[in-house]
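A.B. asks: Each chain is listed here by its residues.
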Amino acid sequence: MTTHSPSSTRFGTVIRPDVPPKIAGEFEYSNDVRIPGMLFGATKRSPHAHARLVAIDTSKALAMSGVHRVFTHEDVPEGRLLGHITHDQPVFVLDVARHEGEPVAFVVADSQERAWQALEAIDVSWQPLEPVTTIEDALTKDPIHPQGTLIRELLIERGDDAVGEVVVTGTWETGRQDQLFLAPESAVAYPSADGGVTLILATQDLHTDQQQLCAVLNLPPEKVHLINSGIGGAFGGREDITLQAHLAIAALALGKPVKTTYRRSESFLAHPKRHPAFMRYRLGAKSDGTFVSLEVSIDLDGGPYASTSGPVLGSACYFSAGPYRIPRVRVHGRAVRTNNPVSGAMRGFGAVQACFGIESTIDLLASKLGIDPVEIRRRNVLVEGDPFPTSGQRFEDQTDLRELIDRCMALELPSSPATLDLDLPGGTGRTLMGSAVSRGEGFALGVKNHLYGEGVPETSWAKLTREGNTIIVESSASECGQGIQGVLDRIVRTEFPECEVRFAVPSTWMQYSGSSSASRQSWMSGSAVLGAAQKLKSQTSSGDEPESAEFEYRAPATYRGDPTNGTGDIHVSYMFVAHRARVEVDTELGLIRVAAISTAQDVGRVINATEIRGQILGGIAQGVGFAINEHLDTPSGLAANNSLTDYLVPTAADMPLVVIDVLEQPDPRNPLGIKGVGEPSAVSSTAAIANAIRQATGKPITRVPVRPSDIALAN
Amino acid sequence: MSSVRLRLDGSPVELEAASSTSLLRALRDAGHTKAQGACEQGECGSCLVRIDGVVQNSCLVPATICEDANVETVASLLNQDLADAFARHGAVQCGFCTPGFVVAAEAALASAESLTYDTVRERLAGNICRCTGYHGIIEAVLEVSQRRREANQ
Ligand code: FES
Ligand code: FES
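Sequence order for the protein chains is A and B. When you line the first sequence up against this note's numbering, it's residues 797 to 1511, in that order. When you line the second sequence up against this note's numbering, it's residues 1476 to 1628, in that order.
FYI, nobody ran anything at the bench for these hints, they're computed from the structure. Glycine included, each C-beta is placed from N, C-alpha and C at the ideal position. Some hints could be false.
Said to hold, decoys possible - From the derived model, a few chain A residues whose C-beta atoms are all more than 10 Å from chain B:
| # | residue |
| --- | --- |
| 1 | Lys818 |
| 2 | Arg1059 |
| 3 | Arg1409 |
| 4 | Asp1506 |
To be verified - Pairwise CB distance ranges (calculated):
| # | chain 1 | residue 1 | chain 2 | residue 2 | range |
| --- | --- | --- | --- | --- | --- |
| 5 | A | Glu822 | B | Arg1482 | 15 to 25 Å |
| 6 | A | Glu824 | B | Ala1582 | 23 to 33 Å |
| 7 | A | Val1301 | B | Arg1480 | 33 to 43 Å |
| 8 | A | Val1301 | B | Glu1489 | 28 to 38 Å |
What the hints assert, rightly or not - Derived list of chain B stretches under chain A, where covered just means 3 residues or more per stretch with a C-beta under 8 Å from a C-beta of chain A:
| # | region |
| --- | --- |
| 9 | 1554-1564 |
| 10 | 1600-1609 |
If we strip away everything but chain A, and leave its shape as in the complex, we get:
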């Protein structure tokens, strides 16, 4: 693996503060937390995708030794609902279960083992209902939720009536990817002396969790506190409430600490996943390949509860035209309720699905016109002053996209002679006959906003305290493993080279820093910490007394789209990335190996080169998984592969060779010039691989993940 090192960095490369204890096995994750006298909970879940709750009989469970209590909807006053944008999700099934795995009861016992045993003793009678599992059924049958079928509908319309001489159409579909953060959900809650409750947990967003818990517990924020323990990965999967409310209710009722840890099979059912998307594209162009018009429809399967479906749909629609100049654009998007698992945030947040749609459609056009697929993109990318194709927002002070494409193409894709069996399609399964390997290359360009956008107000707070030669950083930004504390550590050390830097444990006793999502924390909390550091420096030091400075950073404003045509200044700024992939495909068996990837990404400014490379590689690994394997299959709404035996993620043997080039075109909208780096690697890697598979096989490849039957059995 080669990394072209970025030209300059004033920050140097150093080791993140959390890394040495993690290597030594001394880092405490939320599942390692123990509080003396704690009890253990387990969650009884709906076995049906859609069913009416008839009765719950807890008597047998309560008669078991070591079982303390069983909590159900009767312990939550009616009308108190969860949901971090739309309140639409009951804490426990009230009258109807709307997806498999929806919590119906929470049993508390002396040990985790005992709590699991007690689950079997809870009798729930159900009256099964017909599950709604397709978009078509959802739109034609009765709504499965009192708030209606459509979670959000968005129409974007720009430009004149031109179509273009040459038109291509494509229908594209994406799978249901699990974040598969490695540490299953785990937390402990304990009652506090003031009648409140405290949770030690692993969440991407402390304050949004707190707000939701206050609503269901009917307690003020002063009485509900959350402390982040070590977080074993997140990728969007820890943005929603799963076990938090159950634990808080139990700890308050029992007056004791209560802990629970999910098993992997239930983790798959408990947190929202990447939305399956169903997309239709119609792209019109001049015969020289100049794009003229684009019509897109995107339907997202939201599952029964809203979670983040609204903003995910926004992201999918606003990035459905990629970073291209297209004078006429019309996008119609819908996020729809079904009885499939809940969908929500995952790295790339709607832009991944849209990228597969637009980048596949562009390849169809290129092949119809006989123009090189990279060249056709090069001719059509946005340049300074253009309107963004969907929102119409002015494209300024952004990445030079031609340079990004050229830098990606200038990298030599490493060739890997297959020296091992595992280097053949089929990998460690070794089923290849060897007679029919085709190779193909594909290219894709990715775009997504960093920060929230669409008019959501956005701030981040930080406080620095200097005690002698130590600076203590207070920031409630969640360190999920992505390295935000390493970034903040670097920024503080750069301002105070003579000082040691330490981090206070992130909690709701600190002020709001917002979610560790949308590739926003380096920009937002980095700017907050820089502001606090500069303030602290400017204060005249009295010498021995500890001195503090606080700073709240406010992001540039964004706006909701015009209600009639969806246009406006929707985003603060964008991130851009290019991927080129080489695949090897056994066309007889339909097996695929992603052999090599080259990528160029604009990171604005490098703060820690090693960590940026880590984000790029990690996102590519998830993009490889999404392209050829990862899909939680749910026939009739019931998960068929919710285990690591059946849901396959890439291992070291499956990982392609990767070459990376990093561009540094500073973003003038934040004081550090940085851009988000978390998501881009996952945005277009999948699309580039799909394009390569299409090129290698000549098959239509209309969905990801690509199944063997899409190659071996397709016309």
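Chain B with the ligands: place on chain A using the hints.
C.D. replies: Quick look at chain B with the ligands alone, frame taken from chain A:
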């Protein structure tokens, strides 16, 4: 429940276990948290330990057959050169997989074969990392392999 006595990273410990309790669960229930359990199905390697010299997924080993066993985790298997290489090469993000990778990597490094890019990938293919994309881990192991070989010449 019966009690199981074994040596954990050199110290005697006593664990409580039913016949169905895995070594991983018995260790963790007693507060020994160096091994993690991301799947408890033998698929991810986050629970890897060495039992009497043999590397095993502790989620698949019944605790009750470990009476008198010598169980080693990252705490006794990690060498400083590997720790340094992991940190420098970006082998760690959330770190939940890391103790398992350390056990797998030290076992690969201790074997007689000389490691190559491909053999390292093969030796680490039983461990899942969802964060790093593996290259940092592979490079760290290769570098240590090279240095230990040079030091032994
Ligand atoms: S927990 Fe043992 S292999 Fe995953
Ligand atoms: S560092 Fe997070 S799973 Fe490997």
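A.B. asks: Each hint needs a verdict: does it hold in this structure or not?
C.D. replies: Hint check results:
1. Lys818: Nearest chain B Cβ is 3 Å from Lys818 of chain A, so the label is violated.
2. Arg1059: Violated: least Cβ distance 7 Å, not greater than 10 Å.
3. Arg1409: 6 Å, violated
4. Asp1506: 25 Å, holds
5. A:Glu822 <-> B:Arg1482: 15 to 25 Å: Check passed, 20 Å falls within 15 to 25 Å.
6. A:Glu824 <-> B:Ala1582: 23 to 33 Å: The hinted range 23 to 33 Å holds for Glu824 of chain A and Ala1582 of chain B, with Cβ atoms some 26 Å apart.
7. A:Val1301 <-> B:Arg1480: 33 to 43 Å: The hinted range 33 to 43 Å holds for Val1301 of chain A and Arg1480 of chain B, with Cβ atoms some 36 Å apart.
8. A:Val1301 <-> B:Glu1489: 28 to 38 Å: 32 Å, holds
9. 1554-1564: holds (count 5)
10. 1600-1609: holds (count 10)
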